[in-house]
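A.B. asks: Here is how the chains run, residue by residue.
Protein chains: 2
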Amino acid sequence: MLPELSRRWQAIQAEMKKAGADACLITGNVNLFYVANRVFSGYFYLPSEGEPTFFVKRPVGLNGNNVVYIRKPEQIAEILVAGGNPLPKTLLLETDELTYNDVMRLQSVFSPEKTLNATSVLRLVRTVKSDFEISLFRESAAIHSGCYKQIAGLYKPGMSDLDFSIEIEQLFRKNGSLGHFRIFGQSMEIFMGSVLAGDNAMAPSPYDFAMGGSGAHNSLPIGCNGSVMTPGMSVMVDMGGTFTGYITDMTRVYSVGKLSQQACDAHQVALEIQSDIEAMAKPGVAACELYNLAFAKAAKYNLSDYFMGYGQQAGFVGHGVGIEINESPVLAPRSREVLLQGHIFALEPKFVIPGTGAVGIENTFLVTESGIEKLTQFDENIQELGF
Amino acid sequence: MLPELSRRWQAIQAEMKKAGADACLITGNVNLFYVANRVFSGYFYLPSEGEPTFFVKRPVGLNGNNVVYIRKPEQIAEILVAGGNPLPKTLLLETDELTYNDVMRLQSVFSPEKTLNATSVLRLVRTVKSDFEISLFRESAAIHSGCYKQIAGLYKPGMSDLDFSIEIEQLFRKNGSLGHFRIFGQSMEIFMGSVLAGDNAMAPSPYDFAMGGSGAHNSLPIGCNGSVMTPGMSVMVDMGGTFTGYITDMTRVYSVGKLSQQACDAHQVALEIQSDIEAMAKPGVAACELYNLAFAKAAKYNLSDYFMGYGQQAGFVGHGVGIEINESPVLAPRSREVLLQGHIFALEPKFVIPGTGAVGIENTFLVTESGIEKLTQFDENIQELGF
Numbered sequence: 000m001l002p003e004l005s006r007r008w009q010a011i012q013a014e015m016k017k018a019g020a021d022a023c024l025i026t027g028n029v030n031l032f033y034v035a036n037r038v039f040s041g042y043f044y045l046p047s048e049g050e051p052t053f054f055v056k057r058p059v060g061l062n063g064n065n066v067v068y069i070r071k072p073e074q075i076a077e078i079l080v081a082g083g084n085p086l087p088k089t090l091l092l093e094t095d096e097l098t099y100n101d102v103m104r105l106q107s108v109f110s111p112e113k114t115l116n117a118t119s120v121l122r123l124v125r126t127v128k129s130d131f132e133i134s135l136f137r138e139s140a141a142i143h144s145g146c147y148k149q150i151a152g153l154y155k156p157g158m159s160d161l162d163f164s165i166e167i168e169q170l171f172r173k174n175g176s177l178g179h180f181r182i183f184g185q186s187m188e189i190f191m192g193s194v195l196a197g198d199n200a201m202a203p204s205p206y207d208f209a210m211g212g213s214g215a216h217n218s219l220p221i222g223c224n225g226s227v228m229t230p231g232m233s234v235m236v237d238m239g240g241t242f243t244g245y246i247t248d249m250t251r252v253y254s255v256g257k258l259s260q261q262a263c264d265a266h267q268v269a270l271e272i273q274s275d276i277e278a279m280a281k282p283g284v285a286a287c288e289l290y291n292l293a294f295a296k297a298a299k300y301n302l303s304d305y306f307m308g309y310g311q312q313a314g315f316v317g318h319g320v321g322i323e324i325n326e327s328p329v330l331a332p333r334s335r336e337v338l339l340q341g342h343i344f345a346l347e348p349k350f351v352i353p354g355t356g357a358v359g360i361e362n363t364f365l366v367t368e369s370g371i372e373k374l375t376q377f378d379e380n381i382q383e384l385g386f
Numbered sequence: 000m001l002p003e004l005s006r007r008w009q010a011i012q013a014e015m016k017k018a019g020a021d022a023c024l025i026t027g028n029v030n031l032f033y034v035a036n037r038v039f040s041g042y043f044y045l046p047s048e049g050e051p052t053f054f055v056k057r058p059v060g061l062n063g064n065n066v067v068y069i070r071k072p073e074q075i076a077e078i079l080v081a082g083g084n085p086l087p088k089t090l091l092l093e094t095d096e097l098t099y100n101d102v103m104r105l106q107s108v109f110s111p112e113k114t115l116n117a118t119s120v121l122r123l124v125r126t127v128k129s130d131f132e133i134s135l136f137r138e139s140a141a142i143h144s145g146c147y148k149q150i151a152g153l154y155k156p157g158m159s160d161l162d163f164s165i166e167i168e169q170l171f172r173k174n175g176s177l178g179h180f181r182i183f184g185q186s187m188e189i190f191m192g193s194v195l196a197g198d199n200a201m202a203p204s205p206y207d208f209a210m211g212g213s214g215a216h217n218s219l220p221i222g223c224n225g226s227v228m229t230p231g232m233s234v235m236v237d238m239g240g241t242f243t244g245y246i247t248d249m250t251r252v253y254s255v256g257k258l259s260q261q262a263c264d265a266h267q268v269a270l271e272i273q274s275d276i277e278a279m280a281k282p283g284v285a286a287c288e289l290y291n292l293a294f295a296k297a298a299k300y301n302l303s304d305y306f307m308g309y310g311q312q313a314g315f316v317g318h319g320v321g322i323e324i325n326e327s328p329v330l331a332p333r334s335r336e337v338l339l340q341g342h343i344f345a346l347e348p349k350f351v352i353p354g355t356g357a358v359g360i361e362n363t364f365l366v367t368e369s370g371i372e373k374l375t376q377f378d379e380n381i382q383e384l385g386f
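Heads up: the protein sequence lines correspond to chains A and B, in order. Using numbering that gives the first Met the number 0, the letters of the first sequence correspond one by one to residues 0 to 386. Using numbering that gives the first Met the number 0, the letters of the second sequence correspond one by one to residues 0 to 386.
These are calculated hints, taken from the structure and not from any lab test. There may be inaccurate statements among the hints.
Copies of one chain are not kept apart here, so a pair can be met inside one copy or by any two copies together.
[Stated by the list, open to error] Using 30 Å as the maximum straight-line C-alpha spacing, the simulated DSS-like pairs for lysine-lysine come out as follows:
hint : residue 1 : residue 2
1    : K296      : K56
2    : K173      : K281
3    : K88       : K113
4    : K88       : K373
5    : K373      : K173
6    : K281      : K148
7    : K113      : K173
8    : K113      : K16
9    : K71       : K16
10   : K88       : K257
11   : K16       : K88
12   : K113      : K71
13   : K155      : K173
14   : K173      : K148
15   : K257      : K373
16   : K373      : K56
17   : K148      : K56
The shape of chain A in the complex, shown without the other chains (with noise of 0.2 Å):
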């Protein structure tokens, strides 16, 4: 584990010097266990050149050359003066992740002439996955689809939405999913991820997914909200792959008996936005452009209206993943992200038909040397529920 590391702390540090960046001190638990391979309590600094320093408050018991206990930030300037370390001029912190009474007192604490946003190096930094990131999205991806195998058998005629999630959810459990699902900023909640039958698919919802449903209670208004499945309704599974601390994403659709045939011609024209973007998706490709070809087949189709989401409309097809669901590129109009070897991203055209619900396909892609690799692989036709 230590190269890996070792290469992540050099990514960083080649991103401070770019910055001017003296130290980054890092405490979020997303980035500490990039940085660390493990949750901690405490902080992990960075200079610019040389090795990083672990100040952890919990747990008791951590090893290494580089482990310092302290029971308050304030301890790690004190220690690094005695040990004849200046302190930074210039500092990162997580000034897009950690409260501002917690930035606050780390200024206090290292009275830096410049504060820097840490952050936005992270996320950067974490876009390009490394050989040994991959290989957890592609024992993810593995798993993932092998729960998909699985989901239609999970059906019984008179479920609700909930019914049917709850045992989604448990087939997930069961075959490693470690539940909690890590997503970037304050505003998103969720709880595994999301079913969504019938015009439930047409509630909006106050957070950033890329669909909605009004969820079952006012005070989590996202996802399945305790509808019976009735024949005529799509139902769309998107259950978040948090098998390996690398979150894959996957989407497929069912049937209760047949769909409209607007239902059944927009899932293919999803399928058909799919195909597009991996014809034309390799590195140097701009994010922005996929997301202008997915909504052009859209348009051409006369489908805009329907475009992820009806009424209230998702601003994007696509995403990045990694130990956040929602991590670089954003395929959205308005992105300035170019793809990278290295990548991965979620690519999820989804069309909101009322009186069927939702269509559409998602799959998590590797940006390879010279194109995209579909690391969830399954059938990806709607799938007719048994009886």
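Add chain B to chain A, keeping to what the hints say.
C.D. replies: Showing chain B alone in chain A's frame:
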């Protein structure tokens, strides 16, 4: 719902006046749910007198006199000024919850002379529960207790702690658990709750929960770790009551076969601590006194080393509950809080006995006019798992 919400707004306004704040701007989901009885993407703007305004980004379609749709927070100031309202000189923002960059942006929108901490104010106001909120706790406690009655029946010999947890999770979901578990602060992560079997209870975690456990994966080091449950092990089930938007907290201990005498004795001490606290707790009693009483009783029985963990010990014996699992008051040695009528807290005296595992109890209590009332009701003895 409006009288209840008005009461909450007035309680916040009363604290605003004490603090000399002209306005309070709320945008975190937990506090939005408190002030609006729903989650939305946007801002709740409350002047020190008069009615609030809901500045909404998503979802589409919300109605009401006080609802104004915006795309970005800069519009809030423009709309206030256009309506002849002065911008606040002293502004409350959720500085213990919002990111540094979010607060910086809001400060630049309003240019207040002074920014105060809305997090402290909201957490203080949320601490005293109304009759409406108490009814939601009672509802949660009844469902929660009903679930616990069924837990022992889910056990099958040869199960791992994870297998057992998965069955319990499904039981909870089928009884209406929303799954998603809200925690104050950014450092704590958990999935639905914790099942700790045998010596896994000794594994220290990075998080500030009462108990640890190494977890099933290095990305989420908490709770069950896949150990097969074998005779002589205690199995502590602490599964969150996330049924109504207001969380109840409850723990019961199970045993595979018989436990060591030391563990059985420690369990009785935990029950005795609970009884002592039930006898003493009432409005006006300091939260630290309740902790001290618990600690002294553990010491009296020579159980100090095992109290609230072994090796790594938690520094509290109880905590307020509400929309989040960790609200005020905290029953800890340095707590300055005093019990008030309408507080609701979880009391969880627990011991970790090497070679056996965790024992003890947890219930959720309401502070009444003259004492405390146990909301979560179910057999408190160690329950031997059936064969």
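A.B. asks: For each hint, tell me whether it holds in the structure or not.
C.D. replies: Verification of the supplied hints:
no. : hint          : verdict
1   : K296 <-> K56  : between (53 Å within a copy, 28 Å between copies)
2   : K173 <-> K281 : neither (36 Å within a copy, 45 Å between copies)
3   : K88 <-> K113  : both (6 Å within a copy, 27 Å between copies)
4   : K88 <-> K373  : neither (45 Å within a copy, 54 Å between copies)
5   : K373 <-> K173 : within (25 Å within a copy, 35 Å between copies)
6   : K281 <-> K148 : within (29 Å within a copy, 56 Å between copies)
7   : K113 <-> K173 : neither (48 Å within a copy, 52 Å between copies)
8   : K113 <-> K16  : within (14 Å within a copy, 36 Å between copies)
9   : K71 <-> K16   : within (28 Å within a copy, 33 Å between copies)
10  : K88 <-> K257  : neither (65 Å within a copy, 61 Å between copies)
11  : K16 <-> K88   : within (13 Å within a copy, 40 Å between copies)
12  : K113 <-> K71  : both (22 Å within a copy, 27 Å between copies)
13  : K155 <-> K173 : both (20 Å within a copy, 15 Å between copies)
14  : K173 <-> K148 : both (14 Å within a copy, 23 Å between copies)
15  : K257 <-> K373 : within (28 Å within a copy, 52 Å between copies)
16  : K373 <-> K56  : neither (41 Å within a copy, 34 Å between copies)
17  : K148 <-> K56  : neither (43 Å within a copy, 38 Å between copies)
Hints 2, 4, 7, 10, 16, 17 from the earlier list are contradicted by this structure; the remaining hints agree with it.
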